[in-house]
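Starting from two chains that each stand alone, build the complex the way the hints lay out.
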Amino acid sequence: METLQHFALLLVGAALVNNILLTRFIGLCPFFGVSNSMDTSLGMAGGVLFVLTLASSVTWVAWNLLLDPLGVGNFLYIPSFILVIAALVQFVEMYLRKAIPALHRSLGIFLPLITTNCAVLATAVESVRPGFFKMGIEYGFGFGEALVYTIGVALGFGIALISFAALRERLEVAPVPEIMRGTPMAFITAGLLSFGYVGLGGLFGL
Amino acid sequence: MDLSLIINAVIALSVIGVAAGAILAAASKRFHVEVDPRVERVLSVLPGANCGACGNPSCFSAAEAMVAGDLAVTACTAGGQAVADGVADALGVEKCVVAAIVSVRHCGGGRAASRRFDYSGVLSCNTVSRLAGGDLTCPAGCFGYGDCARACPFDAIEIDPRGLPVIDLDRCTGCEVCVRECPRGRIGLLAMEPEEGAVVVRCNSHDKPRARKDYCSMCCIACKKCEKACPADAIHVIDLLAVVDHDKCIACGMCVDVCPQECIDLTGRIAFESAVHLDGRGPKVDGFAPSAEEGAALRKGGVDA
Chain A
1402 METLQHFALL LVGAALVNNI LLTRFIGLCP FFGVSNSMDT SLGMAGGVLF
1452 VLTLASSVTW VAWNLLLDPL GVGNFLYIPS FILVIAALVQ FVEMYLRKAI
1502 PALHRSLGIF LPLITTNCAV LATAVESVRP GFFKMGIEYG FGFGEALVYT
1552 IGVALGFGIA LISFAALRER LEVAPVPEIM RGTPMAFITA GLLSFGYVGL
1602 GGLFGL
Chain B
142 MDLSLIINAV IALSVIGVAA GAILAAASKR FHVEVDPRVE RVLSVLPGAN
192 CGACGNPSCF SAAEAMVAGD LAVTACTAGG QAVADGVADA LGVEKCVVAA
242 IVSVRHCGGG RAASRRFDYS GVLSCNTVSR LAGGDLTCPA GCFGYGDCAR
292 ACPFDAIEID PRGLPVIDLD RCTGCEVCVR ECPRGRIGLL AMEPEEGAVV
342 VRCNSHDKPR ARKDYCSMCC IACKKCEKAC PADAIHVIDL LAVVDHDKCI
392 ACGMCVDVCP QECIDLTGRI AFESAVHLDG RGPKVDGFAP SAEEGAALRK
442 GGVDA
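The listed protein sequences derive, respectively, from chains A and B. Residue numbers for the first sequence, in the working numbering: 1402 to 1607. Residue numbers for the second sequence, in the working numbering: 142 to 446.
Just chain B, with the same shape it has in the complex (with noise of 0.2 Å):
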């Protein structure tokens, strides 16, 4: 082995090192350019996801234009109340009230829905859904192959055992990327609620009853029992779906417990504390109700299970 031959890659690698160094060192101090100091730090308190629910490209445009005053400092849904506090504070404007919304799935099916034919290509729900309308039985529930799971950029979104998706409001931020990528998120089958809302109906049919039974037994069957056992007159049935006005709603849990097909949830930090219909028992969760340690973590968690 020729030691030479070591030396001169030595030599020749750190002529190069060095001199790219020393080149781009000058640089630097050359050709410096001065950034409105206010864009970094607008940028420093946003969450920096480039999720692009504000309507710009990534968090560092959103940032400049926040800082010429085209996008106002509540703009990133993703950050809610303490990023435009803090924005508001970088840029030493007022502060406003932003209204927190979180992404709620509108379904209850997963594995208890019917299906229409035995799918084994790629498992995704934008795939399924272009064949022929997708799997499942029901035209606007979810297929549960986890596409908004894999586009969250907060790594809200889990799919459980009973196949649907579970969103973790503590880090859901309500940036409506899930919404954009799920096939049916137009349709309503996942939707931007308030933060504030605790019943959530887990369905999202407007056909017959009749034919929805067929898909599904977990469906809303428009038994109007959930309108008459509101105390506070929130939930009404409206084109053969009920319906939470969450303006109006007291998380009293009463529909919960009279739905005889247990498609509506508590959902959310605030009917978890609140939680008067507990007596003891864990949340009713899409039908089954969990032990008391597992009632516990969902209530520590505020998981929209």
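Extracted from the complex, chain A is given alone in its bound form (with noise of 0.2 Å):
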């Protein structure tokens, strides 16, 4: 019970409090790039939460066996990880075009996007090197809850990313004064949004 409920907050957490587009401001630029219709932005969710969670399970996989056992994590998990998850990228897309030719038409461009994604990077540091102190002690994630808060974190940018599509394309027939159109207009709405979910930051009192 007590593991569930840790895992329920933690998936809860990522996705919403700690939203990676909307309070924490990370991966921004695919959220103004894909988001003006609602198929791009399915297609992108859809791919950050396949890349996401594959990448850090192995980034989990390379910190836990090779990087932190040889001591030298604390410094090289930045090129260690872009490494591992640009390897990753291009295995997946190969894989793909072979076996899921459908899926892989429909993801095409998103795949190189993700790469160079500064979410997947934040998330697969975060998986690994959560920040959290328990007991006053530097706690690092167990493989399921790196997983759990993996998908978390995809979900959250899923929910941001297509909520701010549904919005947009309202907006693309809106009243709104010429002067505003298109991206100011996309920036006030993303900054609205934002507010929102801000505000969930007090959903379990803390």
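It is possible that some hints are incorrect.
[Said to hold, decoys possible] Taking CB as the label site, the calculated pair distances span:
1) A:G1602 / B:G304: 31 to 37 Å
2) B:R291 / A:V1462: 32 to 38 Å
3) A:G1603 / B:A273: 55 to 61 Å
4) B:K349 / A:C1430: 47 to 53 Å
5) B:R312 / A:P1585: 31 to 37 Å
6) B:I148 / A:G1603: 29 to 35 Å
7) B:I152 / A:V1574: 55 to 61 Å
8) B:D211 / A:G1543: 52 to 58 Å
9) A:V1574 / B:S185: 41 to 47 Å
[Stated by the list, open to error] In silico negatives: residues of chain B with every beta carbon more than 10 Å from chain A:
10) A161
11) A168
12) G287
13) G329
14) R351
15) K354
[To be verified] Over the 12 Å line for every Cβ pair with chain B, so calculated as not near, a few chain A residues:
16) H1407
17) F1408
18) V1413
19) I1427
20) T1454
21) S1458
22) C1519
23) F1565
24) E1570
25) F1588
26) F1596
27) G1603
Quick caveat, the hints were computed from the structure, so don't treat them as lab data. Here a beta-carbon is modelled for each residue, glycine too, at the ideal position from N, C-alpha and C.
Quick look at the structure:
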């Protein structure tokens, strides 16, 4: 029961309270870049969920089997994680192209976009070094925790991106003053959405 | 400084690098997908600017459509004849003739045109055109803030000291990106015209000539002198604006010489090569006569000044 509650809190906390796009402002380029239409943002959200889960499980393994035992993790985690993630995305792209061409065509342009996405690196780093302290001791995620946390982040990314895309599709036909059309209005909308998500910080009375 | 830390770092990164390299090398063999070699060949002929003038989002998808037969081999407006021939070669089909078109500016105002207010915001034509219709008094002229120059994927457009975009016809490929970018492209400020076109009217306004003269000193005043001077019946004042019929035009330059507003220009390679009207002067370009060497440079470069 205790474990279940822990995982549920982790998931909701990662998805809503610490929403990666709207409370922490990481990975904003796809947030504005692909939120023009529902189709592309659905594709991007699916791609991020897919790549993020894979990437942070692989980086968790790399951290716990290689970097941490060798004692070099503290300064080497960014270059090595970038290396791992880039290779992984390349591999996934090759595999999808051969095995599931339909999925490759729909995710096609998003995969390389996600490779260089800061949200992926941030999540991979956090799932091994969450920056949490339990009883005064630095506390690292177990594999299960890292996986749940990552899925939570990806869900939060998807929720924020898709709701924002829905708003932007409505904005296209809304009577916005001409000078505010397009990106300026999108920025203001994102700011208002962000207010809402920051409000979720009080969700657990923290 | 602990030496083992350095060694450990080298080991860690090497292990990750070698493992990733090995996996990727194996994967590229294992998951190899055959791509139609004709797509690659067509793609290598296409310009690769992904300008979208053919209606496809990228040159790659255009190449795929050409191989599949959904897109004509002449569809690449940016590439023109050379690319159409190359694609036809790559696909082993018969060659076709492409009518080359280039972008032409129909405004000679620039700094000579009056402005309704002082604008000091973002220097972009699309931005200023949304501020109460823009700072330019003329509703059809060129703002000169250079959105077309920034949009051009072939670096063919430059804003010159007169505040007007100058199009380098050697580089212009007719991709139409500038026309789509220009806030007044749709009303003909920048327009696509045949590359053979030798004469261009630097005015785009259909307002009453008196009103037009208030906007700008360079405008067409619909005086019909060009129409009377033309030996080939190729220029006519239609709806208060001189319009050139490129099929009839013989590039003699008579209209350029008689125009009291100096708003008709010779343009293009062919005009500068034939240039029967020059008699030793440089060509008159938008109301100023360049020196001998400037004229030679213009003639050589084929610049639509």
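**Item:** Violated hints - listed by number, lowest first
**Value:** Checked against the structure, the hints that fail are numbers 1, 2, 3, 6, 10, 11, while the rest are satisfied.
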